[in-house]
Each structure stands twice: as C-alpha cells, then as structure tokens.
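A.B. asks: Residues per chain are reported as follows:
6 protein chains.
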Amino acid sequence: VGTGPKILKKTVDQLCESYNDPDVNLNHLKESGLPNQQIVLDILAGVKDLLFPDHRLAHSIRKGETPYLVGGILEKLHEDLRHQICLARNFTWQGDGSCPDNSGQAELDGLTFIGKLPGVRQMLTLDAEAAMAGDPAAISVDEIILCYPGFEAITTFRIAHELHLLGVPLLPRVMTESAHNQTGTDIHPGATIDESFFIDHATGVVIGETTIIGKRVKLYQGVTLGGLRPHKGQAIKGTKRHPTIEDDVVIFAGATVLGGETVIGRGSKIGGSCWITKPIPPGTTVMLNDPKMTYTGGEG
Amino acid sequence: VGTGPKILKKTVDQLCESYNDPDVNLNHLKESGLPNQQIVLDILAGVKDLLFPDHRLAHSIRKGETPYLVGGILEKLHEDLRHQICLARNFTWQGDGSCPDNSGQAELDGLTFIGKLPGVRQMLTLDAEAAMAGDPAAISVDEIILCYPGFEAITTFRIAHELHLLGVPLLPRVMTESAHNQTGTDIHPGATIDESFFIDHATGVVIGETTIIGKRVKLYQGVTLGGLRPHKGQAIKGTKRHPTIEDDVVIFAGATVLGGETVIGRGSKIGGSCWITKPIPPGTTVMLNDPKMTYTGGEG
Amino acid sequence: VGTGPKILKKTVDQLCESYNDPDVNLNHLKESGLPNQQIVLDILAGVKDLLFPDHRLAHSIRKGETPYLVGGILEKLHEDLRHQICLARNFTWQGDGSCPDNSGQAELDGLTFIGKLPGVRQMLTLDAEAAMAGDPAAISVDEIILCYPGFEAITTFRIAHELHLLGVPLLPRVMTESAHNQTGTDIHPGATIDESFFIDHATGVVIGETTIIGKRVKLYQGVTLGGLRPHKGQAIKGTKRHPTIEDDVVIFAGATVLGGETVIGRGSKIGGSCWITKPIPPGTTVMLNDPKMTYTGGEG
Amino acid sequence: VGTGPKILKKTVDQLCESYNDPDVNLNHLKESGLPNQQIVLDILAGVKDLLFPDHRLAHSIRKGETPYLVGGILEKLHEDLRHQICLARNFTWQGDGSCPDNSGQAELDGLTFIGKLPGVRQMLTLDAEAAMAGDPAAISVDEIILCYPGFEAITTFRIAHELHLLGVPLLPRVMTESAHNQTGTDIHPGATIDESFFIDHATGVVIGETTIIGKRVKLYQGVTLGGLRPHKGQAIKGTKRHPTIEDDVVIFAGATVLGGETVIGRGSKIGGSCWITKPIPPGTTVMLNDPKMTYTGGEG
Amino acid sequence: VGTGPKILKKTVDQLCESYNDPDVNLNHLKESGLPNQQIVLDILAGVKDLLFPDHRLAHSIRKGETPYLVGGILEKLHEDLRHQICLARNFTWQGDGSCPDNSGQAELDGLTFIGKLPGVRQMLTLDAEAAMAGDPAAISVDEIILCYPGFEAITTFRIAHELHLLGVPLLPRVMTESAHNQTGTDIHPGATIDESFFIDHATGVVIGETTIIGKRVKLYQGVTLGGLRPHKGQAIKGTKRHPTIEDDVVIFAGATVLGGETVIGRGSKIGGSCWITKPIPPGTTVMLNDPKMTYTGGEG
Amino acid sequence: VGTGPKILKKTVDQLCESYNDPDVNLNHLKESGLPNQQIVLDILAGVKDLLFPDHRLAHSIRKGETPYLVGGILEKLHEDLRHQICLARNFTWQGDGSCPDNSGQAELDGLTFIGKLPGVRQMLTLDAEAAMAGDPAAISVDEIILCYPGFEAITTFRIAHELHLLGVPLLPRVMTESAHNQTGTDIHPGATIDESFFIDHATGVVIGETTIIGKRVKLYQGVTLGGLRPHKGQAIKGTKRHPTIEDDVVIFAGATVLGGETVIGRGSKIGGSCWITKPIPPGTTVMLNDPKMTYTGGEG
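Keeping their order, the protein sequence lines are chains F, X, Z, A, D and G. Take 1 as the starting number for the first sequence in the working numbering and just add one per residue. Take 1001 as the starting number for the second sequence in the working numbering and just add one per residue. Take 2001 as the starting number for the third sequence in the working numbering and just add one per residue. Take 3001 as the starting number for the fourth sequence in the working numbering and just add one per residue. Take 4001 as the starting number for the fifth sequence in the working numbering and just add one per residue. Take 5001 as the starting number for the sixth sequence in the working numbering and just add one per residue.
Take the hints with a grain of salt, since some may be wrong.
Under the rule of at most 16 Å between Cα atoms (straight-line distance), these lysine to aspartate or glutamate pairs were calculated in the EDC-like manner [to be verified]: (1) Lys5009/G x Glu4065/D; (2) Lys4006/D x Glu3107/A; (3) Lys3215/A x Asp3194/A; (4) Lys4009/D x Asp3194/A; (5) Lys6/F x Glu2107/Z; (6) Lys76/F x Asp42/F; (7) Lys5076/G x Asp1049/X; (8) Lys1048/X x Asp1021/X.
So the derived list for chain D, only partly shown, Cβ under 10 Å to chain A, looks like this [claimed, not checked]: (9) Glu4017; (10) Tyr4019; (11) Pro4022; (12) Pro4035; (13) Val4174.
Bear in mind the hints are in silico, worked out from the structure with no lab data behind them. Note that beta-carbon positions come from the ideal geometry of N, C-alpha and C, so glycine has one too.
If we strip away everything but chain F, and leave its shape as in the complex, we get:
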C-alpha cells in the first residue's frame, strides 16, 4: 500500500471519529433531520412568484384562470412549508425527545403564514411607492422590482418576518441571510418595520433584531442600526438592544445608530457617517463636520 492510500485511510478514520465524538459541537446529535436550505429558498422564491407574478412568471396569465395558477402554487407551498416548519420546530425543541404535536402546529403555521400574504403584498405596494419617491433615478416600479437590491431586501424581510412572528425558528434567518448574501443588507427577521420603507444602494446595511422603524423612513448604504454593549456583562437576549427610528426619518450613508434607548425623533435627518448613541429630538438635523450645510448625504 502506497503513501496515498495510507493518508486517505488515516483521514477517513479521523473524520469518522470526529463525527461520532459527542464533544464536537459541529455534530447534530438529534435524530430528526434538519430543515433543507435549498427547499427553504424555494419556498421563498414561490412566495415571491405570488407577490410579483407579472415580473417573475414566464407566461402571461389569463384572468379567468389565475385562481388555479395561484392555488396550484399555494398548495405546493403549503406542502413544503408544513414539512420544513416541522423540521425546524423539532430541531430546536428542547426536552425529553418526544415531540407529539409539532406536525399539527406546523400545519397551522403554514396556513396562517399563507393567510398573511395579501397583507404583505399591500405593504410592498407602499414600499415600492417610497422607492419611486426616494430615488430621482428610478423610472418605473417595474425597474424597482427587477433591479433594486433595497427592495429585494425589504421583500425578503417582510416574508421572513411573518414566519418569525409565528415563532418558527431558523427558517426566517435562512431567508434573510440569503438576502444578506445577495444584496449586502442584513435585516434581522425580528425587526419591526412600518410601511413605506426604502433603502438606497443597500450594500452594508445592518438592522438589528429589536430595532423599531416607523413609517416613511429612508436609509442609505452602510447604515448600521445596532446594539450598544453595556459597560459590564453581556447584552441580555430579549431586552431591546437596538434603536427606534420614528416616522419620516432619513439616515444618510455610513451613519451608525446604536442602543435600545436611542430614539431618532420624527422627521430628523442623520448625516452621513454620523455616530449616534443618544436620543435625538424630533426634527433635528445631525451633521458630521460641516455645520453650515443644513443636511447632507450620500445619494449615489
């Protein structure tokens, strides 16, 4: 036996030993399988097909037949949702090993989620309007749906957020991370974002789990709405660690707003690259360097 087979054999043995080592945290010890990343992303794509059928479905739809098309997609979605939600619920469930009712819960979760989709479409209508109003270069809503990464990110967020509200673990995060990878915008599915939201350019935006955002807010690239680490001890999960942004606020490129008690008051403007860790009263304009300009920004 030559060197090659020996090295292969040794590597095989070491990897197999590592897989069976209960102290290696990379091993998934529960018997039930894990949700499948690809199927979760297929579900996400199916939901988007329902929300934007003109832009995503290849063939034109006859009006009288639309209900069957929609029903067919929904039926398939429900099937996949039920299964993946059940796996996700089993997978995070802590206890004695029996999990008698997750499949019923998953069935219900799937239906409830589906029932929310018309409302999601209504919210996205307002977001698209905000994008049209917010970008002087935008030509049509079709362009926004097909090309704008910020609109892609908010679409995925609004879908994932509905699953998050139902308490479904893991799946919402898989969805928002796929949008993060694609658009560079990282919105935690637990954030609360009101209507008519717009992110211009989108790259490098972070919106933390307990952020609350009001109506008609506009962000530019590189904005962080993050947590402020306390002097001592760790951030306590479940407390509000991220800021509140009130209605009609604009935050320009690269600005950072941190902390659960940091409220940006209604109608304020936060200049590019500003660093905010204290509440800002309504109607304020905060500038980095240049007090003579009323407000500034990075609208690329």
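Given chain F, work out where chains X, Z, A, D and G should sit, using these hints.
C.D. replies: Only chains X, Z, A, D and G this time, still in chain F's reference frame:
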C-alpha cells in the same frame, strides 16, 4: 371543508383581486411582456465569453476556427439582444399604445452594441494593466480576470454602459445590479469612466449616475462617489449630481465624495474615510486625522 | 449582404485579431489550460460536505457505513484536486516551457491537503463556539453553520489557507473570492488566524495577506485590517504590510487598522469607526468620540 | 489559411445554400414556427400526472387542497396546449398566408380536450382492469401503471386520440410516436379502440389509422392490424384500409390481420403468427399449424 | 365568468371526485407511498457503474483509492435500496395495516443483494465472452459493453433477478421493463438463465417468468419463449408455464417456443420463425421450410 | 462492527479484486480512456441540428447570420469529433503501445466527415420524398422529420456510415445502436444503402453489415436482411454475408431475406412473412400463402 382549504381559498381570492386592482402599483398593466432577467444575464455572460475566451470557454480554440466560434456566439447574442431590447423599449414607451418601430430600433441597437465589443476589449486590457500595477499582491492578469471583484465590476459596467449610451432602458441596470450583488460594487451604468480604472477589494463602492472619472484613477473599498442633496427641493434628474474625479487620483478606503460641482483635481490623494463636498485642487493630499503622514490608505 | 452581416463580420474579425495579438494582456498565451473555476468551487463544496455532513448531505448516515461515504468523497476530491493543482502550478510556472514534475507535486499537495482536514474541523469547532459565545442572538451551532456569513467566511478561509501554505497558486484565491462575493468578507488566504475567531454580520470586512490574528479575536462588520502605504515607493511584496491583532481583542464596526508594524495589544477594544495606524498597548480601549463610555460597538 | 478552415468554410457555404434552396424539401418555408417536440411531450406528461397523481406526483396530496393542485396543472396545460395547437394549425394550413382565427380555434380545442380528461380516466380504469384479468403474472393495478408497456401505449393513445378527434394536426402523432419509441407499440392516433383493451408484452405491435377495435379485445406482441395494398393504384387516403376487430377477440403473438374489409368476428381467437386477409366469422379459432389444439398463443 | 374557466372548473371537480372514488382502481388507497421509478432506475445505474467502472465512470481510478470509490457508491446504493425495498414491501403487503418489520427486512435485503454483486460480475464476464464468440462482427468486449442491446438486457436481468430471488416485489419489474423499453428485449425477472448467454440484435425477444435456460444458449431477435394457454381455464400462476432450453441450444430469429413442458434438448438448433409447442430431443435441428439445409438463421 | 459493514467490506474487496484481475474480460486494460457515449450522442445531435435547423433549433435564423450559426456549431463539432475519434482509434489500435499519429488522423477524419454533411443532406432530401410517396397517411415532410421512426433511423445511419467509411471504430456503432434503442430499427453502419430509402413503422427491422440496397427500396416493420450461417464453420468476417436488394424492391412486414448470395432482383415484391434464402429474379412477386393475390403487405 376544513380550515385549511378555507384559508387557501380566501388567500387565492385576495391575491387575484389584488392582481386585478388598477391601483396596486406592483401590477404591470401593459400588454407587452417584460424583459427576462435570466436572458439578460445570459447575454451578459455571452459577451464576457467573447471578451475572455481563454478564461471562460472550456475547450481550447484552434486559431483557424476561431471566427466560427465567435460568429456562432455573436449570432445567438444578436438574436437574444434584439428581443430583449425590443421588450425593454416597449415596456418604457409612453403613449398611445402603438409602438410601430421598436423592433427595427432594437435590431439596430443590437448590431451597434456588438460593433462596440472590440473597443470594450481594448479598454479592459488597460484596466487589467492598471490592476496589475495597483495591487502588489497580484501575480498575473489571469488571476485578475478569474478572481478580482473590482475587475468583474468594471467589466460589467463597460458592457452595460454601451447599452446605456444607446438609450436602451432597464437592461443596463439589470446587468450592473447583478455585478453589485456579486461584488458589492454599485456602478450606475450611466457613469463616465475613462481608461485604466482599478477598484481594490471592491466591497461597498458606490459610483453615481453622473460621475465622471478620468484616466488611471484608483479606488479602494467603501468609497462613495455620490450626490449632494440641495437644501430645498429634490435633486433634478438630468443635472450633474455626482462628482468629477480627474486623472491619476487615488481615493482610499471608506472615503465619501459628494456633489455635482465637486471636482477632485488631477493627481490628488483622498485619505481613507475622508468626507469631501467641496472641490479639491490638483495635486492635493487630504487626510482624516494625521497631518504628519503624506498620504495614507486602506490597501487590505 | 445587408448592414447586419457586415457589422457581425467586422466584429468577428476584430475580436479574432485581438485574441491573436501578443500585446493584448487578456490573452493567456501558455499552452497548458487554466484551472476551471467551477471545479475549484466544487472541490470547496466537497470539503465542506466532509466538514459538516449532518448539515449538507441530504441523507442520514449509518454509522457503520460512514467510512465508505467519506472515503468516496475523498477519492473524488483527490482526483479533482490533483488535476486542478497541476493546472495551477503549470500556469504560474515561469521558465523554459517544460514542467516535468508538477504532476507528482500536485499528487503530493492533494494528499497533504486532505490530511489536514481533520485539523481544520477541530479549528472550526472552536470558531463555532466563539460564534455562540459572541452573538447573544445565536440559538444553536446548527444555526451558525446554516446561516452565519462570518462562519461561512472563516470556514472557506481555513480551507483555502491550507492550500496556500502548500504554495498552490490561484486556487486559494478563487475560493476566498467566492466567499467574498457571497458574504462580503474578503480574507486573503495568506492571513494567519488563530483559533476561536468570530466575525459578526461580516459585510465589508477586509483582512490583508500578512495580517496575524491571535486567539479569541472578534470583529464586527466593516472592519479593515489593511496595509499602510509608505511615503515613497511601493509596498514591497513579501514584507509584512498588515497589522497584528493579539489574543482577546475586539474590533467594532467600521474600524480601520493599518500597517505591518501596527500591533493591537492583547485584550484591547477598538471602538467603531476608529482609524488606527500606530501600535496600541495591551488592555487599551480606543474610542472615536465619546470618552465617557468605557467601550462601544456596533453589534447589530 | 490551412486545410481545416477551408473545409469548414466550404461546408458552411454549402449548408447555407442548401437551407435557402426552395427545391430542398427539408426546409420549412412557412414563416410561422413549428410546434416544439419537447413541449408537446411535456403536455403529455402533465396529462398523465393528472390521470395517475398517486403514481407520478412526488408528494402526497391533501384532499382539501387537491382542487388547487389539479387546477394549477390544468392552467399550465391549457397555456401550453393553446400555443402548440395554434402552431400546429398554422403549420398545416394551406392558403393565402393569413390565418386570422387559428388562435381562437386553438383556445377552444385546448378547453375541449381538457374537458375530455375525466372520461379518459374512466376508460383507463377499464383498461387497467382488463390488464389485471389478462395477465396471470400481474399482481396489482399499481404494477400495471408503473411497469406495463402495453398500458403505457394505450394511455398515450387515448390522450392523443382526443386531440385527433378535434382535428389537431401533428401533435397526436408526436405523442404516439414517443410511445412507439418507448414501448415498441405503434398505434395510430386515428384508430378507434373501445373499452377494456389490453396488449401483452407490447413490442412490435402495429395498429393502423382506420382500425376499429371493440370491447375486451386482447393482443399479444408482434400483432399487426394493417392495410392491404390493392392490386393496382395507391391506397386512397380516407378510405377504411385497416381491419375491424369485434368484441372479445384475442389475437396471439405475431399474427397479422390486413385489409379494411377484414372483420374478425366477435369472440374469435387468431392463433400466433397467423396471416389473415379475409373476414373471420364470430366464434372462430384460427390456428397456424396444429389443428388438434383448440387455441394456442404466445403469452410470455 | 367565461366558458374557459367554467370548463376548467368542471374538469377539476370531476377529476377530484374520481380521485376520491373508492371504486376507481387507478387510485392507490394505501397510505404508504409507492416506490419511486426514477430512484429505482438510479439504483440500477449505480449497480452498473460498479460492474463496469472503466466504461461508465468518467474519471480514471487510481488503484489504491478504488476501495473508497466503490465503498462510496455502495453506501449510497444501500441507503436508496433500503428505502425503496421498504416502500415496495409495504405496498404489496396485504393485511391489517400495521407492517412492523419491513424496514428490518429491507435493510437485510439490501445487504444481501449487495453481497451478490461480485457473483453477478463473474456471470457477466462469461456472457461477454459468449457475445464475442457468437457475433462475427464483434471487435472487442468494450464494444459489447458499450453498444450491444442484448448484453444490456442480460445485465439488467441478472441484477433484477437477484432482487427477485429475495422476494422483493415491483422493483425487479421496473428494472427489466426499463431494459425492455430501451432494447426491445423483455426478460421477466423471474426467469432462470445460466451462464454464457447471448441474444443477438435483441429486438422483440420475450422470455417468460418460468423459463429455464441452460449454459451457452444463443437467441436471435424476435424469439419468444412463452406460455401455452391450456384448452380450458386460465394458466395457474406459480406453475411452470414457459419452456426449458437446455445447454448449447441456438434459436434463430423469430422462432416461438411455448409451454411449460416444452424442453429443447441439449445442442438443438431451432430454425428461424419455427413454432414449437412439443419437446425436441437433444441434438435435433428443426427447420421451417427447407429440409436440404442443415440449419439456417437470421444472423443480421 | 455489525453485519452490514462486514458485508459491505467484503463486497468492496471482492469487486476491487475483480477490477484488478487480468483474466476478467470486463476490465479495460489499456491506459488510454474510452470514447464517452454521451459526447458521441451529443455529436450526433449536433449533426442533426445542422441537417434540420428549422425543426430542431429553437430560434428562427436570420439569413444573413446563418453562416455564423452553422460555423459555430461546426467548430464545436470538430473539436468533439477530433477528441472522440482519437480515443476510439487509440482504443482499438493493437501494437507496441505507442500511438504517435492518431491525433493527426483524428483531425483529418473529423474534417473529412464534416465535408460530407452537405451530401448527406442531399440524400436525406430524397429519403424524405420517398417517405412522402410511400406512406398514404403522411401529410408533410415536416411530419416525417418530426415523427417518423424510419426516417430517424435512416438519418442516423447515413451519418454513422460516413464515419464507418473513414474507418473510425466504435463511434458509428454507438450512434446506430442509439437509433436502434429509440426506433427498434437496427441498421449496421457498414451497410450500403442507395438513395430514396424508406422503412415504414420501423420496429423490428434488422439490416446486416454487408447488405447492399439499391435505389427506391421500401421496407416494412419486422423485415430482416440477415446472414445465412454456412453448414460448417463460422461466418468469415469480411466476406459478404448479407443479401443484395436491387432498385425498386418492396419487402413487406416480417419478411426475412438471408445470405450473401441472395439477390432480390429489381422491382420484385417480397410478401409479408416470407422467408427467402435464394436469389429472386427481377420483377418477381413472392407470396406466403395466397397465390391469387398479386402482392400483399402489412402497411399499418
């Protein structure tokens, strides 16, 4: 009938009603179809195959047969271009509903675009040289073509820009947004970028629609060449809203340059994280904090 | 013959002439082929399958049969590795045109790399633990493996780094650039990163080639560990151009640390958006604006 | 220019000349496109999914949601049917070049065809029963649906026959030829076949266009129900050229029955390899060689 | 609502009613799923990869690493086999609805089947030799493996037969029917075929369930080894209904041999198109028409 | 270790031993690889695209651009042909192990083959005309190209025959066997078939290697043109073993014509199921049973 079917039925009805509601801006009401995102990206990939055949085509090419290979790819490209350009022109056309000559125009646009490709290849030769010169870690042009996100971004920009110059709507943006998603560099297809351009690291760069960039300019990650919002009223579309960067300028990581009248003079260096909203004379070095260093940067 | 065929013909001729022009640097003149980007990414995916079989392989594995599964994947990996390493070594080899021993070297490289995989898995165990400890929102290691872009980036880095240590050209960079595209984190495969490393949010991070990072270091999004350009002359390739980060350092969002002699001492905290070009003694906290807070950050 | 390019160039020129030669019958000169073979076969597969959902659809169907699944498949089918029928009708239409109403006719054809599917399913129920009764080796209807080439052939025939009855050209033949290729059984879509039909082994069976087959008929492999060529002149298209097989007839392996006036009377048995060109009275048993056996056969 | 939607709705309702009708034999009423045809064919392909690795696997195999390649394929095979066998056993199991031990039985069946593969390879070695000897046009064993439909048919038969011997329902038949479709040769998986078997041209051959074939037998296209239907009553399943062919027999094209008591004695030749329903003594030559030729045939 | 792993291990060992056993004829011992079946079939499909572009290529072709389309397909074809021909020539080459000039020969073979394609198209024009004339049910040449298995078989034969004439081993047979599998018609690539040839129904036809067929010959399903085995000794490879069919002959369904000296004279008709082993003078009609009919047939 159980709860599940009831919820499905209600959701189907609500979605179908929403699709047919003329007030919902997500519906595409024109009869003509939309350009297909996937085909547009296939066109982009085909053009790149022609520009870098050694690096992208699987089989080696015999010299005497190259014309047929190239001709075969071009013929397919022209076919797809004509169709997608025609859809894009129909789709943005405003008026009485008849669009008699877009197909002729689309035919012509496709041919004109194809005729520009040798010139695009020449420009990319200089860009690749600039990348070799600009990154001390670069080993060969092959590595730049295969691995450098900044070169990927400028390649896609130069292709999309030729379509933009022809007045083709939507398609250039679909192309540059795919590069934005992939590389994190957001170059508007309308920008004007002269030869020997290099972006190092590439993530988080924004170059706005009316930016003008001279020869031998080098940018680092996180640079924004953006618009400066006026005190009152909206930026007027069509005016120059983004800066001019003259020949031989270097702009280091995270710097922001804003405004249509902001000119960075020939040979200047803009330090990392600087915030520039006023013209900078030629040969100037601008630093954020540390006046003792002649120039500084973030060459990762 | 109409206008269309004329333009096509002219374009074909010009492109073919450009392909055969020895002065055009985009042409790959060596006879041996180039490594294939897709196969290199398949190798990367195969290695990840071996490192996280529970999370990436569709079917559950019977314990007694695991060695065959692992062996089968390794055998295929070795085959592909040998071939791609050989192409990469030929491709960068400078000389008289004969390259008699690269195939033997490639065989050996492949085996040595494979022999390192159990060690890589051990390192990732500690990285996953660091991610659990470092993000209050993390629920389980499974979530980290499936959803965290920072963990994806460090996984790809640790794999590519082993090839880099063997002196294999091009392949490590193709791997880390794919992680850069996906996660927005750009880690040069030549960097040295010790155990228990965590990057939160990941977008816009740059870690340069000669960076050295100690144990239990934590970075946030937008951090650059980059080179400091000297007053005169170019950075000399091969010298240490990037900083050293000692054990237990935390660097918050958007901070920039530059220069080969810049050492961040053990246990220091670098505040968000700070700009560091000088050594920082151990145990120091550096803040941007607000001296009253002990330390601050952008934990989104 | 070497020999290779010369030969390529000459071949290209000759082929292009041949494509444009109006005397070459292989060129399709009409402007409208041809039906697409692959889409026609996808339509066939979609219809089979509706007929045997338990055996062909991967996921189990919830009863309350079945209508949406079925509706979704039907909606897609109708879309494709309309388009392919329209192409097929344009393609065979002879005249002045304008074809104003085929699209309306195609719409109607598609709907009428869809309305026939429940009846087709009823017929196949009886065919499956006949297969169970006719093959002593059959274990279950599921096995017949999944494995029996004779059942596959009759299923495809019954689908194609409905299109044939509507006068749709080309599509029925594309369907039955795909079954011919797969099963070796060549049933012309114009044949008339009553309920409870079974073909055992299936290979090499030919059933001509004007054949009429009664109830409960059973055929073995290699049976030809063909045309009898007249002494002088060609068979006149539109006349009955193929035999009539009355109820309850069995025809054993390799037998040949020819001619439009050849009627095999109710309940007769035609022995293996017999050659019949004259009418056979009801209740007759025809044997090849061995008059002492009442009836014989090739039941494999 | 127009005509189209009405027809769609009526068809949907009728099909759904038909699916739920307990009297429609096309519905699969058992709760457990059916084996999946595609996976069964993938298993068959995997087994063939193991039997002919040089001809079917794309990459050349290093000797020292072969065990891992083989082990990896076997491990995947076992996984799929276990699952499909379990579904097949559940699906044909008749009784009270609980099926407690099929999964254990399926596990065992899969392993036993795998253990038979080296023996199958040995048998195919002899079959390939018989093909070389039997066809004057054969150039090499490689050609036989790659091109001969008769060898394809016997390969699939020998694999399916091992599953049949284990009592696994349905799967063997799915396998042999795929070979039937592909090659036109229909060998029932229950037949008994000894070593060195060869079928020339292959189209239209039928070999029934209880056929017994000795060593070194050679068949030509169109041969049927079938059942003889008794004068009264049905063939009784389980009895020997098909002939016995002793060692060294040759049966020429289109011959038919019928009946469970029909034995073709060792070394006999059955002429093309002969019809045999009685035992033939050893060493006999049977001719159709031409007594002056010693033996005749259809060796195409 | 349980039973399962033991059986797996034993099977792996036995299979590996079998692969390395020089006496097992299934192993391909030559070092050079084998031609790849899938690539050979892709070449076949590419050639058919060139022969029937209107029927096989999805997009309509602009006349002025056709040369590039054709040239692009030919260039790819030549590349693949060269490689597969070279593998095929190496693979059958017997000798001292060095094969210095096959690659040059393969290059030449590929070009010569390509140069024959316009002539093949001309022959197929006449075959299509013969099919139109020969089948009263044929509606158009388009239907013949899209649906007729006999036309598919002769098309594949004419392509494979050109490779056979060049002495290329294995590839022609791989092509004709794929047509055999698909259509049930087995034409040896070595046969000689003159213009205007038509096979109706096609299933079960065998045409042997040394058959010679004249102009305007028509066959029906199940016809064998085969070899006559001599009384003693084996058929000598290279001698004429199969019949000659002169111009204007018709052979009806299931007839068998055997032997190298058997000539069917010009204009003869061979009745269905006849068995011919002697020469037939020109203008003869041969009938099976019924002397009163001038000629008969099985035109299904």
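A.B. asks: Among all the numbered hints in the text so far, which are the ones the structure does not match?
C.D. replies: Violated hints: 4, 8 and 11; rest satisfied.
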